[in-house]
Structure formats: structure tokens, C-alpha cells
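Q: Heads up: the sequence lines are chains A and B, in that order.
Numbering-wise (UniProt numbering), the first sequence opens with residue 1 and increments by one.
Numbering-wise (UniProt numbering), the second sequence opens with residue 1 and increments by one.
These are calculated hints, taken from the structure and not from any lab test.
Ideal Cβ positions, reconstructed from N, Cα and C, are used throughout, including at glycine.
Treat the hints with care, since some could be wrong.
Unchecked claim - Derived contacts from chain B toward chain A, CB cut-off under 7 angstroms, selection only:
#1 Phe88
#2 Pro91
#3 Val93
#4 Val94
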Amino acid sequence: MTELTALTIAEAREQLKAKAFTAVELTEAYLAAIDQANPVINAYVAVTHDRARQMATASDARLAKNEGGALEGIPLGIKDLYATEGVHTQACSHILDGFRPRYESTVTANLWADGAVMLGKLNMDEFAMGSSNETSFYGPVKNPWRATGSNADLVPGGSSGGSAAAVAAWLCAGATASDTGGSIRQPAAFTGTVGIKPTYGRCSRWGMVAFASSLDQAGPIARDVRDAAILLKSMASVDAKDTTSVDLPVPDYEAALGRSVRGMKIGIPKEYRVEGMPEEIEKLWQQGIDWLREAGAEIVEITLPHTKYALPAYYIVAPAEASSNLARYDGVRYGLREQGKDIVDMYERTRAAGFGDEVKRRIMVGTYVLSAGYYDAYYLKAQKVRTLIKKDFEDVFAAGVDAILTPATPSAAFGIADQELASDPVKMYLNDVFTVTVNMAGLPGIAVPAGLDAKGLPLGLQLIGKPFDEETLFATAHVIEQAAGRFSPAKWW
Amino acid sequence: MSVDLDTVKRVARLARIAVTEEDVSALTGKLNSILGFVEHLDEVDVSGVEPMTSVIPMEMKKRIDEVTDGGKAADIVANAPATEDNFFLVPKVVE
């Protein structure tokens, strides 16, 4: 028998059904892998051994009666911003110290209803603000990938760095993640995993710690395209508890795999050829174009003229919404409290001690752009630019384009504690240059591994689709995956 | 536009974040770097453009105005740093 943690969700699902092994055996294999690897990788901030064993035992009982759900007995990791009843939920912030919600998020409730097993909570950038997982109160996550012949630790990307690292290192069969500006797709690209941010409104945001409400969306990170399709099917739902949850049935995404791309029109946006982009990324992009053309797709050059304004507009809209959402952390209802001489002093000291530097910066930017006299110049203007960004995509889709192919990131994974990135926050923000447009327009986007660079590090491509057309993304990403193959890091931990 | 030390102090107060003099000077540089970056938007002509108010065009969901949940006071205060009889306790606000 192969190592149990090596199996994809699809493989484990079949073998559990065939009773080749039990859900408890599978869960124990993952718990042992986590206990061995986590002191090094730091992907988990809480491991729920007892809960996992109880859930797996219940799964075995259902499997024995052939009553297993779509994810019966599949061990998953959960990003720390999903409310999980009675379990560590802090969005990796100090300010939520000790928070144990009395309720369950809709996304995780959907997964448990389908029989999935919770292994624990995954590390992330604090409040999902970051592109390297270095802003976590619980310290950085190490990327399971290293450059050939090097011992230097690399970041797994962010904000869903724990999710991506845990999936790549086989510390869970799949993971939940979330994406506000690229937080699923960038870490997926940095770790050779598949990540999809579905259309805004496809997954309920109820029970997710809010960062920027008009941009946040849940999605999975998985080992391959099929597993991502299986997970999204379970995570997505129509939910009366989220007024932005869209009233559309959830399709069987897995059924879209194997669908031909023959005759499909794939757009290549010229604005994504950014200055200073490494030649390797350019080559990878061309390789993706060739694969899709060989599979019968028609390749068309397109223009998305407002692309370069997406990131500046994002850094108004996202901090503005964050400053409002994070106003709730004041030391009164949950988490940390620092004593003060009066109530305002208590608020100020609590927030000074509880938030990390990057979160403080974004709250400050958001407060500033929303403050009296600046609203029109910043926030209103950014929302107008957002309309233009969305219109760019609408025009392209109206002209018959089915999906858009771009690089996922402007580089491969970089080093932990990179000095250049630490000195200027804007340099770190540029990581999301290819992904953030998708959030601004509310569209679905998938990152799929497409190759390794000269140093042996994974690189990903991104496909962008029409609203609620995740099926085309899965079908097209599957074609790329078939051509590119799958990528796993050599174990060093 | 760029911010000076006094503006940063004022914004920190509005955001209810205590800052030291040292914090203020570090923050001023970083905030100006971010504000300089977002100023690229000045190049865009937005005359006649409506601001985005809904990411996905959809009608606001409505439901009948009725009590559907409740009776959970103990759950609601369960995570609070200080409580008494299902109330949140805070430092004295009114003398």
C-alpha cells in the first residue's frame, strides 16, 4: 500500500469506499505527519487531534453502512479565519487571543455535513493581510519547496500560506483558504498546488473573519484540479445568512473535467506583460498558450486597459473596508484587553498591542481615505475605477472570449525575511498584480501549476472566467494540468 | 497627497490605536509610500462613471421581519474579557 498521505482526495474517496483502509487510519496517518513536520513547517496553529479522531470514527460508521457523504473521511485543514465551534479561530491575530466561537461558519459546516474530518487550523497572514504569511502572530510558514541545492527557507505566499504549505507537504488532503486580492492563487502558485477563488457570492461568507467584505471570497487549495473541484462543490452553497450569497444552484464541478476546450476562445491580455517580469514567467505563459492551442482552443489577444489601476484602487478599497470591519476589535466583546485609564485609553492600548504592523498600516490608510474631506478623492474614485476594471472584462467576454490566461504571479517564491520587501510595503503588494483585478471585478480565477523555474521552484498560470462559470476554469485548468503534470517537493523536513 | 506627523497622530486617534512618537515617524514614511502608490489613479478619467456598489448585479435579499434566532446571551458574552450577569463590563464611561 502506498503512503496514505500521498493519496489525492479522489483516490482516498474511492479507497475508503472500497474499504481498503479506514477513515481513522487515514486520519492517524495525517496526524502523525503533522506532529512530525509542523515544528518545522509551522503550517498549523492548532491541531485538533481528538476532534479529528472522533469525526473519523463517525465517518467509518457511516462508510460501513454505505451512507458516506461526498467527502466522507477526508482529512482537511481549515484556514484560521473560519469560525469553528469551540476551536481556535483568530485569523492569526493576537487581538483575538483565546477566541473560541460558539458557532460554525457555513463553509466548514458544509464540509462536515459531507463527512470531512477537521485536522486543525492553518496559519495565515494576520487578518489575511499579506502575501508571504510573515504577518501572522504565530510566525512565518516555511514553503515545503526549496531551490535546488539550497537550504534557504522560502515563503509559501499568503495570505493562505498555511493552507498551501499543508497541502504541498501532504499535511492534509485539501484545505480551505480565502482570497481578497490573491490570497488563494498566489500561495497555490508558490507551492505547486491548485487554488480557485470562485465568483463573489458563490461561497457564503458567514462565519469567516471579515477583511474586505466586497472582495473576500472562500475557496479551496488542493493537490490537483479534480480535488479542487470536489472541495468547491462542497464548500459552495446558497445561504440566507449571507445577503451577498447568490441564489444559483451549485453545479457538479468535477463533471466539467475532461470537457474539451476545442473551439473555446482564450484571451491573452497584453497588459499582463509587465515591466521587469522574469523571462521564465513569459516562457511559461507562452507554454500555456501552446498547450491550449494544441488542445484546440482559439487564442486571441485582448486588451484590459485598466489593469494597472487595479492594484492602486485595491489599496484604497481593501484598507477602507478593513478599517471598518476591524473596528469591532476593541477589547470589549472578545479576545485581548489591555487595561487603560478610561475606556478610550483601553481601546487604544488594546488595539496597539493586539494588531501587528501591517494590519495597523492598513487600518490607518483606510481610516485616512474615509476621513472627512478625503472620501471623494480616494474611496469614491477607487469605486469608479473598479467599475471601469469590471467593464474591461465585460467587454472581452461580450466579444466571445470564454476564459483569460495569465501568469499567476510575477515571480517564484521568495525568501523569508526578504529585506527589500520588508522596507517598502508597496513592493510586497506587487505580488498580487495579476490576481487582484479578479477580486475587483468579482470574477472566478484559478491558479494551476505549469512548470518549474531554473532553480526548481514551481510556477503557476491563472485562468480567469465569466461570473459563475467555474466549470470552464476547471475544464481548462485540467487541460493545462494534463500537459504540465503535477509537482511535489522533495521532503527535507 | 501626503501625510505629516500630526495627520498620522490624528488618524491614529480616529482609528483608536495608541502610537508612540517612534511609531508615528515610521508610520508616516510607510503611509506616504502607500498613498503615493494609490495616486496613480489620478491618471484615470472617471467623469460620468458610476461607482461600483454591487460586485455581482443582484437584488438585495429580503426576508420577513421576524425573530428567527435568540436566547443566546450566554454564548454571546462567552468570549468577552470581562462580564457580569450577561453584560459586557467596561471601564466607567459616565461619572
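Q: It remains to establish, for every hint, whether it holds in the given structure.
A: Consistency of the hints with the structure:
{"no.": "1", "hint": "Phe88", "in the structure": "holds (5 angstroms)"}
{"no.": "2", "hint": "Pro91", "in the structure": "holds (5 angstroms)"}
{"no.": "3", "hint": "Val93", "in the structure": "holds (5 angstroms)"}
{"no.": "4", "hint": "Val94", "in the structure": "violated (10 angstroms)"}
Hint 4 from the list above is the single one not met by this structure.
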